[in-house]
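Asks: Start from the sequences, fold in the hints, and give me the full structure.
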Amino acid sequence: MHDGAEALRILVAQCRREARSIGIVGHDSKGFLDDAAGDVRLDTASHAGIVDYRPEELVVTARAGTPLAELTQALAERGQLLPFDPPRYGHAGTLGGAIASGLSGPARPWRGSVRDAVLGVEIVNGLGERLRFGGSVMKNVAGYDVSRLMVGARGRLGVILSASVRVAPRPPAEATLRLSCTAARASELCRRWARLPLPITATCWVDDVLHVRLSGSKAGIVSAQASMQLHETGDAAVWAQVRDHDHPFFAGDAPLTRLSLPRGNRFAAADVLLEWGGCQAWLRRAAHEAGAAQDGFATAFRGRRAQHEPLDGTAKYARRVQQAFDPEGVFNPGLAT
Amino acid sequence: MSNDAVLEQLRRCLPASSLITGEHAVRPFETDGLTAIRERPWAVALPDDVEQVRAVLRICRQNDVPVVTRGAGTGLSGGARPLRNGLLLAMTKMNRIKEVDLDACTATVEPGVTNLSISQAVRQHNLYYAPDPSSQIACSIGGNVAENSGGVHCLKYGLTVHNVLGLRIETFEGDELVLGSKCLEQAGLDWLAVMIGSEGMLGVVTEVTVKLLPLPEAKRVLLASFRAVQDAGDAVGAIIAAGIVPAGLEMMDSPAIRAAEDFAAAGYPRDAAAILLCELDGTEEEVEADARRMQAVLAAHRADVRVASDEAERERLWKGRKSAFPAMGRIAPDYYCMDGTIPRRALAEVLGAIAAFASEYQLRVANVFHAGDGNLHPLILYDANQPGELHRAEELGRRILGLCVQVGGTVTGEHGVGVEKLDPMCEQFTAAELAQFHRLKAALDPAGLMNPGKAIPTLAHCAELGGMHVHGGRLPHPELERL
Ligand SMILES: Cc1cc2nc3c(=O)[nH]c(=O)nc-3n(C[C@H](O)[C@H](O)[C@H](O)COP(=O)(O)OP(=O)(O)OC[C@H]3O[C@@H](n4cnc5c(N)ncnc54)[C@H](O)[C@@H]3O)c2cc1C
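Line by line, the protein sequences give chains A and B.
According to my numbering, numbering within the first sequence proceeds without interruption in unit steps and concludes at 337.
According to my numbering, numbering within the second sequence proceeds without interruption in unit steps and concludes at 1483.
Simulated from the structure, these hints should not be mistaken for laboratory data.
Here a beta-carbon is modelled for each residue, glycine too, at the ideal position from N, C-alpha and C.
Residues on chain B that point at chain A, a partial pick, calculated with CB under 8 Å:
| hint | residue |
| --- | --- |
| 1 | P1216 |
| 2 | N1375 |
| 3 | G1408 |
| 4 | A1432 |
| 5 | E1433 |
Replies: And the structure:
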């Protein structure tokens, strides 16, 4: 537990004065994704710890450098969880990094994404100013939603110092089921289930098996299981493996591409890992070989340097937004839009 | 160019019935739901389609005419209040549902479509659009996007920002931005978050793609009555702490209960100090299990609990809540609706303080609000015909919002800042934070002609109020325009 906020602000202000750039890192667990290099390395691990946790408010406020492991442990002790369940590649990762990268885990379509859960942030902008946006209450429309804009901005708009995020109660019961089937069948089932009120909180199809997680009351799970005709019990360990890319599918040096697909798509291929009710697919091919997949978009994950920025009508405005927060381009220059 | 010449240009790109001018004709547009603030617009344009929106914006850009976009005009913070020298762009004619995608469970609609009509259009497929502001029969989805509107079910299902997947925006510069898609993730910056809740300051919403949810299998409504407000406030926190996330959790205090009961005969206990209306939804089994736990928590907080026995009773209980606003019209000539959000744990304390303030200002306040997410709606009752009452009501409102900020909350949970809450914004944000908002606005609208003067106060405005800390008499960003 350490308050390094002012030191981080001073560092930014100083770099700005001296026209030196800054690369922001937490645990550097996602360094493979982004080239956050700069003249100076700003390490948020020096600013860590839970600042305020109130289970009855469903909110936790923690400093950016807080390890995800510590945060989830604290929540588990009070019967709660981080709804967006962020990946911990290499079993590391900080809250700040999870927000800046904006990556969500297996429950994302049902429990929401990182940005869905973010309620407020404190940041240092490129002018070396400490600013607070949002707050720790559920509903807040005072001013533009800068807190959510920070999610997935990959540190280009500022250093996240701390964040308040919404948490969720841990369900009383949970079950992982499995069904042997083809990708096409899995995709069809997911489409059908999306139209029904079912307690699904994760799906994953890989190696000809569809894994499904149901969460809620015991009775609710039993009745859903029956109506979905899922009879075979699976292994709950699969969810953390998929989330953290520990599953054998992710092993080895072949390129890794993430495919974001529209809801209700009919995408199916034998050599992919398909999660999020069919809305996210992983491929061991380079992004440019992923094909123009069904109105979705591909992101290079491992292999060549990731290139996520869309070159559409928003590009001009994205540059301006970046300048609005960081007029002199102090942050993460490797990632300029 | 003269005003008449600009009008002539507008006439050329709009059907005759879609351009309204003249003191008398523009009158219906002079205010939104915040009726105490009025202004007549120079002209009103009612485009039929996006081509016309583009043409109107181009003419305004070329002639430096400010534009205020308007949806259904139900906003409660003056966000759609027109400008005397500005064009009012009213989106109500763009009210088509363009596509319902049953595989994706999405609907793509024009901005003037009303909130409720989306759910009505997909009901036959057992789907609905979750955010349900009490104004849902009238308010437009474009207005919902601009305000990030909530409703009675947002504790469980989220606000507009959690339920919109895609937007099309026309910027003042003349670009069309296609933001989001039917995918869950967005490539690049989270543009949807920037646009949703931006109060018409960054662009015109011309299309919205919303997420549809399957209608829940079962619903149950519990009515809990309390003899002490403190118990009701504590029960709210205890329900959440017990791991229950109700679909709706609404609270009414004694003045609100009586007014609603007189108006709607909902079956509320007149002698209760407070009631909680709790709705649970999900599968039969979930609802059954949660209802049992909920009853135990409520009983532990000394509540009398009644469970609606059938659909008719459920509807009646909700009708009382939903007619609370019109019910106020019966007991006072005017009311002023506040919208602060506070941490739930402060509920009882803040309600107590509001009552004390009210007697200080010799005004009555009724509370009916979204207790589950701490979003208060104190209704300050007054009579505008009594000299000084409106002024006292506004003063009281400011005190209440100040208190919300002090206990760690915010000055607006869902109604937006508009022109109404510019002053309290100075209390909630520092000069540097406000300056950051202004720079973000300028990134999307460098000319500063989209809904100017709303949502974010200028630094000069705050300095005048004395609500902002100005060091050494110098404003942090002297280069910023002062209005
Ligand atoms: C009785 C009553 C009950 C209410 N209950 C609730 C409630 O439960 N929850 C809640 O959140 N709100 C509630 N409201 C407030 C209001 O209904 C919402 O804010 C609503 O979203 C406004 O929609 P509108 O179409 O009327 O927008 P307007 O009032 O016309 O405009 C609101 C803002 O949106 C902008 N805007 C409108 N359309 C567009 C567009 N196409 N593109 C860009 N900007 C646009 C305007 O410039 C303005 O800033 C209530 C209001 C009333 C009168």
